[in-house]
Each structure stands twice: as structure tokens, then as C-alpha cells.
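K.L.:
Sequence:
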Amino acid sequence: MSSSVTNGLMTAEEARAWRDADGKYFSHGGEADPPVPPWLLVRGDRSTVWDVDGNEYLDAHAGAWLSQIGHGRTEMAEVAAAQMSTLEHFTTHAEFSSIPAVALAQRLVELSGIPDGKVRYACSGSEADDDALQIARNYQLLRGMPDKNVVLTLAGCYHGHTYGGLELSGRLPSYMSGATVSLTFPDVLSPERFGPDGITEYCVAELERTIERIGAHRIAALFGEPIFGPAGMVGPPKDYWPRMCEVLQRHDILWVADEVVTGLGRTGRWFGSHHYGVTPDVMVLAKGLASGYAPIAAIVISGRVAKTIHGTHAGGSYAGHTTSCALALRNIEIIERENLCDNAAARGDQFQEELAELLALPCVRAVTGVGLMIGVHLQRAGTPGALRPGPAAPSLDTLIRQRTGVILMGGYEHLLITPPLIFTPAEVTRTVGALHGVLADLSA
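For the sequence shown, this note's numbering gives the first residue as 1, with consecutive numbering after it.
These aren't lab readings, by the way, just hints derived from the structure by calculation. Fair warning: this is a prediction, and the values are worked out from it, not measured in the lab. Don't take each hint at face value.
Claimed, not checked - Pairwise CB distance ranges, derived in the manner of DEER restraints:
1. Gly198 to Glu78: 47 to 53 Å
2. Ala366 to Glu31: 38 to 44 Å
3. Arg388 to Arg218: 44 to 50 Å
4. Glu75 to Ala444: 21 to 27 Å
5. Phe96 to Val36: 43 to 49 Å
6. Asp252 to Glu75: 42 to 48 Å
7. Pro191 to Ala64: 26 to 32 Å
Cβ coordinates follow ideal geometry from the N, Cα and C atoms, glycine included.
Full structure from sequences and hints, please.
P.N.:
Shown next, in the form of C-alpha cells:
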């Protein structure tokens with residue numbers, strides 16, 4: 001088989017051969033059990049992708065929440081080719097550096113607003129979250145506080161698939177768990193759980209009690225997404241992060257903002273934390289940093305933390321990859337040039353308005369989100385209106401894709417809509433129509 005097929009124009013026999021090869025040689029993370037036939041994509045243009053059979057799909061998933069500027073940008077290919085033909089990459093360890101790595105670091109510090117910030121690089125959000133965990137603990141150790149290593153997290157959130165990420169996400173078996181403590185998730189969909197004083201008061205009081213119980217001298221940091229992504233695209237109350245950060249600062253505890261999903265314009269602002277008027281001590285970026293045109297992640301570190309950990313933590317061979325940094329710089333330039341933060345905000349408002357019609361369906365519980373991070377929450381299993389898929393039913397996102405040609409993510413608990421920031425009004429309407437049609441049919 002030729003590996004140069006890129007236009008989706010191949011015979012049925014060739015397509016079948018590629019699917020067979022996928023099943024034989026490629027081990028996918030998150031594969032269904034029993035497995036489903038592989039779905040091979042070969043081409044993308046803006047918000048549209050094509051599979052090996054030439055079928056066209058609307059990408060409301062942004063290739064795993066990362067394609068801010070859309071697919072198939074010739075401009076990005078030209079940037080990569082120019083950089084690769086000049087210097088593809090050289091290590092950024094020790095004194096080695098490159099102009100794209102320095103220029104990108106400067107741009108991220110400027111955009112983030114983190115005082116006297118410095119940047120370290122990684123290759124994925126999971127790796128960067130793991131690095132941020134090490135940075136938080138090393139910072140306290142190097143200040144002469146070796147016991148200040150407990151990390152607070154929010155129950156139900158996700159911080160990657162490395163050992164450190166699984167520790168932060170509460171997904172390690174108890175006998176493998178590190179020094180992490182989960183706090184209550186500020187679930188705006190279940191306000192009755194938090195009593196008469198409301199969500200923020202409950203969560204702040206819990207944080208204070210937790211610090212008193214463990215001791216501030218033992219707590220290094222709190223990890224948290226400014227707006228919660230995999231948990232359903234849920235934004236906490238407006239006073240949540242300001243109040244939580246005030247407590248953290250008073251007790252000399254870092255806030256590490258996981259902006260892997262929320263960063264680079266997805267929420268309608270450059271970063272999710274900007275919606276709350278707070279500045280983290282450490283900010284983790286990935287996904288939309290280069291819009292998928294190359295793997296890259298970054299950790300933006302406040303000056304006081306950076307000064308303390310200076311010279312520690314070796315990084316990786318591909319950290320600050322020269323071509324990836326050049327692509328990330330151009331990605332940021334395109335987001336600025338095309339006003340994609342503003343478009344994300346406007347299309348997000350349109351989604352919220354049009355998706356409100358789904359609330360009339362008995363299976364739909366709520367619609368949440370900020371910008372182009374949107375969750376459609378369905379009735380929980382066993383409650384009135386809940387969908388009841390049969391044992392052989394495909395996942396809900398697969399069913400929507402097969403019936404309507406719209407790609408998104410999620411199952412029978414919630415659906416997540418995270419299109420490229422270039423989405424048009426017509427594409428919003430098409431996506432909403434696809435969801436309404438399938439959910440109405442399943443509810444009948």
C-alpha cells in the first residue's frame with residue numbers, strides 16, 4: 001500500500017486494506033470493547049474533514065479540542081517548511097536555545113499577564129501537567145519546605161494520562177496514590193448540594209477546613225481548570241476563583257491553572273483565567289497552542305517560582321522544538337489577525353441561544369459552556385427522560401456522526417461541542433440541527 005494518499009480518492013479495496021492494516025498494527029488508546037471498525041481521515045480544510053471513502057464531515061470537535069485555526073492551512077505548511085529547511089530543531093537544554101523558542105516564550109508571557117513570567121516547554125498537555133506538578137513540589141522543596149508537598153485537586157477533573165496526571169485526576173489505585181487531596185467539584189448543575197449559602201461559600205469553607213486539617217505548611221498547590229472541560233464544559237460561579245485564590249495566597253499555596261483546554265482563545269478570551277480576573281502562579285498550555293500542526297505544550301511560571309526553581313528539571317529532547325515553536329507563533333498571529341477570540345465568543349453566544357431549544361426535549365438536562373467550550377447535559381440514567389441505549393448501541397457521538405456527518409465528543413451523559421474558532425454561523429446552526437434531530441428521534 002502507498003502511504004502517500006492524501007486526497008480521499010481511493011478505491012474501496014484500498015480503503016479496506018488500510019482499515020485492515022490499522023486493526024493489525026495500530027493499538028489505539030480508548031478503543032471500544034468490542035472494537036469498532038477504524039475510521040480513517042485523510043484530508044481537512046478549515047472545519048471540514050474527509051475520510052478514506054471520500055465522505056465529508058463537519059468537525060465540531062476540533063480534532064480533540066485543539067484545532068483553533070482549522071485544518072489544512074497552507075500558511076502553516078509554509079512556516080514548517082521554511083523552519084525545517086533552516087533549522088528543524090536543536091535541544092533547548094542548558095544554555096542551548098533558538099529564536100522561535102525565545103519569541104514564543106515572550107509572547108506567552110505577554111498574553112498571560114503572569115508577572116515576570118518564564119516559560120518551560122513540553123510536548124503534550126499530559127507531559128506539561130506532570131512537569132507542573134514537579135515544579136510545584138520542587139518550588140516548596142527548594143524553599144526549604146520538604147513537607148509542603150500535598151497537592152489539592154477538584155474531584156472529577158482530568159489532568160492527563162501520565163503517572164502524575166493520573167495522580168492529579170484521582171485515577172490511581174489507592175495503594176499507588178501520592179500526596180493529593182480532592183476537593184468538591186463546584187457543580188453549577190446541582191446547586192442544591194451546596195446548601196443555602198451557595199456553591200462558592202461552600203467550596204471556600206471546605207478549602208479553609210482542608211487547609212486547617214492538613215496544615216498550610218504541608219500543601220504545595222491547588223491544581224484546577226479555570227473552566228472545567230472533560231467534566232462537561234462547566235464554568236464555576238464568577239466569584240469562585242477570586243475567592244479560592246484569596247485563600248490560597250493567604251496560606252502561601254500555589255494555584256496551578258490547567259489551561260490545556262481553555263487556553264488560546266477557546267473561551268472567547270486568550271485564557272480561561274481571564275474570565276475571573278485572577279492570575280495563576282503556574283499556567284499549563286497545550287492543545288490549541290499550535291492548533292495540532294505540531295505537538296507542543298508550555299508551562300508559564302511566575303517570576304517568584306521561576307527564580308526559585310532556576311536550573312532544575314532537565315526537560316525533554318523535544319522540549320521547545322524549534323519548528324513547533326515557529327508554528328505556535330504563527331498560530332497565535334492568525335488568532336489575532338482573524339479576531340478568533342471574538343469569533344469564539346460570538347459563536348458561543350449563538351450556540352447557547354440555539355441550543356436552548358433542546359431543553360424542550362425530555363432527555364436534555366442543561367446546556368453549559370463558555371465561548372466554544374459547550375456541554376449538552378443529558379438526563380442521568382434511571383431518571384425521567386433518560387435515554388436508554390441497547391447493549392449493542394454505538395456511543396452517542398458515533399451515532400450522531402454516522403447519521404448527520406457532524407463530529408463531536410461524548411456519550412449518553414453529556415455531549416461536548418468544541419469546534420475550531422473559525423466556525424461560521426451556518427456551521428453552528430447545522431451542528432445544533434444535527435443534535436436536535438438525533439436526540440428528538442431517540443427521545444420519541
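K.L.:
If a hint holds in the structure, say so; if it does not, say that too.
P.N.:
Taking the hints in turn, this is what the structure says about them:
1. Gly198 to Glu78: 47 to 53 Å: 52 Å, holds
2. Ala366 to Glu31: 38 to 44 Å: Distance hint for Ala366, Glu31 is violated at roughly 30 Å.
3. Arg388 to Arg218: 44 to 50 Å: At 47 Å between Cβs, range holds.
4. Glu75 to Ala444: 21 to 27 Å: Distance hint for Glu75, Ala444 is violated at roughly 46 Å.
5. Phe96 to Val36: 43 to 49 Å: 45 Å, holds
6. Asp252 to Glu75: 42 to 48 Å: 46 Å, holds
7. Pro191 to Ala64: 26 to 32 Å: 31 Å, holds
Comparing the model with each earlier hint shows violations of hints 2 and 4; every other hint is respected.
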